[in-house]
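Numbering-wise (the working numbering), the sequence shown opens with residue 1 and increments by one.
Just so you know, these hints were derived from the structure itself, not from any lab. Fair warning: this is a prediction, and the values are worked out from it, not measured in the lab. Wrong hints could be hidden among the right ones.
Each computed BS3-like pair below joins lysine-lysine, with the alpha-carbon atoms no more than 27 Å apart [to be verified]: (1) K166 to K188; (2) K156 to K188; (3) K160 to K188; (4) K108 to K206; (5) K166 to K156.
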Amino acid sequence: MANNSKNRHELVEKNVGLLAILIVFAISLGALVEITPLIFQKQTTEPVQNLRVYSALEMEGRDVYIREGCNVCHSQMIRPFRSETERYGHYSVAGESVWEHPFLWGSKRTGPDLARVGGRYSDEWHRVHLINPRELVPESNMPGFPWLEENVLDGKLTQKKLEIFKNNFGVPYTDEQVASASSDVAGKTEMDALIAYLQSLGHAMK
């Protein structure tokens with residue numbers, strides 16, 4: 001009996017094709033068991049109460065956030081641990097991210113989590129901090145982004161961005177919001193946009 005089991009095991013190990021098929025089957029079965037139930041859970045597919053869409057300016061700020069690599073050093077995912085909820089607020093839930101494409105949970109915290117940074121500091125605080133972080137936090141190793149103050153948004157693609165989020169991803173923008181998108185960011189700088197985005201984070205849940 002033991003020899004038969006050993007022979008079957010050796011057969012699988014020596015047959016690369018069979019081993020690959022069994023590995024794929026095992027991974028697929030695990031994914032099916034783990035992921036499929038989430039699709040049918042309302043809390044993972046429906047927005048939380050009070051969640052609102054990003055304004056045109058906030059959407060542009062989100063793109064600046066991605067372009068400058070802010071998500072490399074800052075997470076937007078508060079784990080359900082006491083040490084995190086006492087510092088950052090309510091732990092993150094799936095319903096907060098249903099309109100995020102792509103999501104910006106991050107995987108590293110060189111700097112603090114930003115999931116609920118909205119309203120925690122004034123616009124002027126963010127402006128000074130983004131230009132020269134050490135002016136407010138002497139021990140900070142965050143780089144400054146002074147050029148954002150000089151870069152003016154042209155708004156050429158803003159309307160298209162909202163259209164894509166509405167038509168392709170099902171984000172509930174109104175026709176009026178889409179139509180006025182370009183004019184809503186006219187004359188604004190990338191600094192204004194990034195601050196608006198940061199101030200929008202975490203208001204649905206505290």
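To see whether the hints hold, each was checked on the structure:
1. K166 to K188: Given that 27 Å is the threshold and the Cα spacing comes to 23 Å, the pair holds.
2. K156 to K188: holds, 13 Å
3. K160 to K188: holds, 18 Å
4. K108 to K206: Between K108 and K206 the Cα gap is close to 22 Å, so the pair holds against 27 Å.
5. K166 to K156: Holds. K166 to K156 sits at ~17 Å (cutoff 27 Å).
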